[in-house]
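2 protein chains.
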Amino acid sequence: MSAGSVLVAGGTGYIGSFTTLALLEAGYKVVVADNLYNSSAEALNRIEAICGKKAEFVQLDVTNEADFDKVFEAHPDIDSVIHFAALKAVGESGEKPLDYYMVNVYGTINLLRSMVRHNVTNIVFSSSATVYGDATRFPNMIPIPEECPLGPTNPYGNTKFAVETAITDVINAQRNNAIKAGNEAEAKKWNGALLRYFNPAGAHPSGIMGEDPQGVPYNLLPLLAQVATGKREKLMVFGDDYASHDGTAIRDYIHILDLADGHLKALNYLRANNPGVRAWNLGTGKGSTVYEMIRAFSAAVGRDLPYEVAPRRAGDVLNLTANANRATKELGWTPTRTLEQACEDLWLWTKNNPQGYRQQPPAELLAKLKK
Amino acid sequence: MSAGSVLVAGGTGYIGSFTTLALLEAGYKVVVADNLYNSSAEALNRIEAICGKKAEFVQLDVTNEADFDKVFEAHPDIDSVIHFAALKAVGESGEKPLDYYMVNVYGTINLLRSMVRHNVTNIVFSSSATVYGDATRFPNMIPIPEECPLGPTNPYGNTKFAVETAITDVINAQRNNAIKAGNEAEAKKWNGALLRYFNPAGAHPSGIMGEDPQGVPYNLLPLLAQVATGKREKLMVFGDDYASHDGTAIRDYIHILDLADGHLKALNYLRANNPGVRAWNLGTGKGSTVYEMIRAFSAAVGRDLPYEVAPRRAGDVLNLTANANRATKELGWTPTRTLEQACEDLWLWTKNNPQGYRQQPPAELLAKLKK
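As given, the protein sequences belong to chains A and B, one line each in that order.
Heads up: the first sequence at position 115 corresponds to 115 in UniProt numbering, and the numbers run straight through without jumps.
Heads up: the second sequence at position 166 corresponds to 166 in UniProt numbering, and the numbers run straight through without jumps.
Among these hints, one or two may not hold up.
Copies of the same chain look alike in the list, so a pair counts if it fits in one copy or across any two.
Claimed, not checked - Heads up, simulated DSSO-like pairs for lysine-lysine below, C-alpha to C-alpha not over 30 Å straight-line:
| # | residue 1 | residue 2 |
| --- | --- | --- |
| 1 | Lys-180 | Lys-231 |
| 2 | Lys-234 | Lys-180 |
| 3 | Lys-371 | Lys-231 |
| 4 | Lys-371 | Lys-180 |
| 5 | Lys-368 | Lys-189 |
| 6 | Lys-188 | Lys-231 |
| 7 | Lys-96 | Lys-286 |
| 8 | Lys-96 | Lys-189 |
It is worth saying that the hints were derived from the structure and are not from the lab.
All values derive from a computational prediction rather than experimental measurement.
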């Protein structure tokens, strides 16, 4: 199957930019759409520096109904969308839920309506392990398989869940309506992937591309990176009395390059196999405790990083680890990067880009890429 | 507590119009907003003929962001909304899910945003027993209590579920944000009722007000009414091999006047008790089989109505009956009308208004009201 054109909505963000890179490297033409609310178009320059290919950029607001129409009209060769454009801070979603419903839910309704109008028939959706909620209520389902009943416990997760049902309902309707009209070929064209991630980690091994969060980061590794650079005094460890081997909570950290590869493989699978709507977990299946992460990142940095134990946070659970057997079996996807590599890549990115994308990377890193 | 002004969104529809009547009779000022897509403003004239009071009418599109703002700006005395404005055909929702996500989900996001902007702090939402999905998966939860895990099985139900989470998240956020700001009084003002109905039935005993569905009705009693008037040859009974005493499926039919009273009581409860968000089932707790309904409506009509048994429909379940103890205990709500009365009222309405609201009711019915 020949590679077509792909719209990556939210393509300048962390996972979006690495997926854009993976798509370009695989030969896809890519149009990136983003509102640049929490990201920088500079990511696209870094992508070009790495792979020598350029994604087209369109600034776009997902809550503006006409914006997607304009993109699809200008690019009739787009047949697929990878949809990252969303707000993603769990804590903020509790304070400003309507922003999350507007951008995440209504934004996706807009996208789907425009896709239907323009016959853009494949969608890969950036969902989240958050849709499982407190998966520890099903003790025989750890690591979590896709069959685990969903039950998000915060507004962010509720919006991801609502979008999963919207995509499922729309793809199913497009298929059923086509079948009723006797058009099996049309039915097969409509496909959706719901990708549920665990904890994305790491950066590009070149050191010129990584996560560039605005404001206070809310994930363990970016916080550790700030401790390493001195922006933050110490890491707070929330709870050391969990039932893990060292008392700290277990999460499933996945290298961003492996995660991006999962998106590419999901898109290829949709286009080649026409499965309709299907959910896949993207994780390593291997859990790491907070203390193990501190040790791993300290090793990459070359010195012990300070931390302090604080009480557990409400809503945190012992273990969130993916059963990713379905992705391995069906998509042929297996994460190949280690946690150590994620830590080394993150540290290379962090120490060389103290201002993130707001300053040019060191010339020697760019020079290495050209070899 | 003095009665304030209430916006009834979708107030010319079946349940909306009867709730408007109940509110006016209870002394509330009512503004009805509707797009008249599947209803008639004539309902408001009938309401006035019955209770001598008039609701103000505004034509409005819930998907138009500015429309709610205009209503709240024109009526600063509105402090509560009862929200019925939605598409409601389960079958159609499978064919046109995006219409359902736009009107039901995005429409409610618009409403909530406008409520927050204008400090309109109480919402009573017209949800549905559909949010429980196939409740027979929890055999010890029949009749269904509000604690039953939710799991809708069609796009209509998915949109009702998404709206329940949106209302819950927004009310909780308004409360938590106010508490963080030290304003307990402001926090208590934000309240939401999620009303999950079972099968609304019947009409006003005056015979001048009832359900006026456009197109093919999809509920048992309106279909039986069409058989009685000769518009339809016979009723199709889908499945007579269920595990009920006569083999047909069991549903919980609730008189529309009782249902409307439940909305009034829920609104009063929100205003008096400030519970935050709370779900209540509105049903009788008593199940009736399809055969029992045919007999009851045949008795009201005075002759046996023809029916034919067909295979079960996919997705139908044996028993959907409400456990409405919570509404009885907390709202002081107890349905008082019998199934026989619902059938008699429906037949009086049907035979006297063969064109629904598109023709004036018989003068003798209006004359009776004036006594």
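Here is what the structure says about each hint:
For a Cα distance limit of 30 Å, the shortest separation of Lys-180 from Lys-231 across copies, 28 Å, qualifies, whereas the shortest one inside one copy, 60 Å, does not. In this assembly of identical chains, Lys-234 and Lys-180 lie within 30 Å of each other by CA distance solely across copies; the values are 26 Å between and 61 Å within a copy. Taking the closest pair of Cα atoms, Lys-371 and Lys-231 never come within 30 Å of each other, the shortest separation being 34 Å inside a single copy and 81 Å across copies. Taking identical chains as interchangeable, the C-alpha atoms of Lys-371 and Lys-180 are never at most 30 Å apart, the minima being 56 Å within one chain and 56 Å between chains.
Taking CA atoms no more than 30 Å apart as the test, Lys-368 paired with Lys-189 passes in neither setting, with 42 Å inside one copy and 62 Å between copies. In this assembly of identical chains, Lys-188 and Lys-231 lie within 30 Å of each other by CA distance neither inside one copy nor across copies; the values are 51 Å within and 40 Å between. In this assembly of identical chains, the alpha carbons of Lys-96 and Lys-286 never lie at most 30 Å apart, being 33 Å within a copy and 41 Å across copies at closest. For the identical chains of this complex, Lys-96 and Lys-189 are inter-copy neighbours only, at 18 Å across copies versus 37 Å inside a copy, given an alpha-carbon limit of 30 Å.
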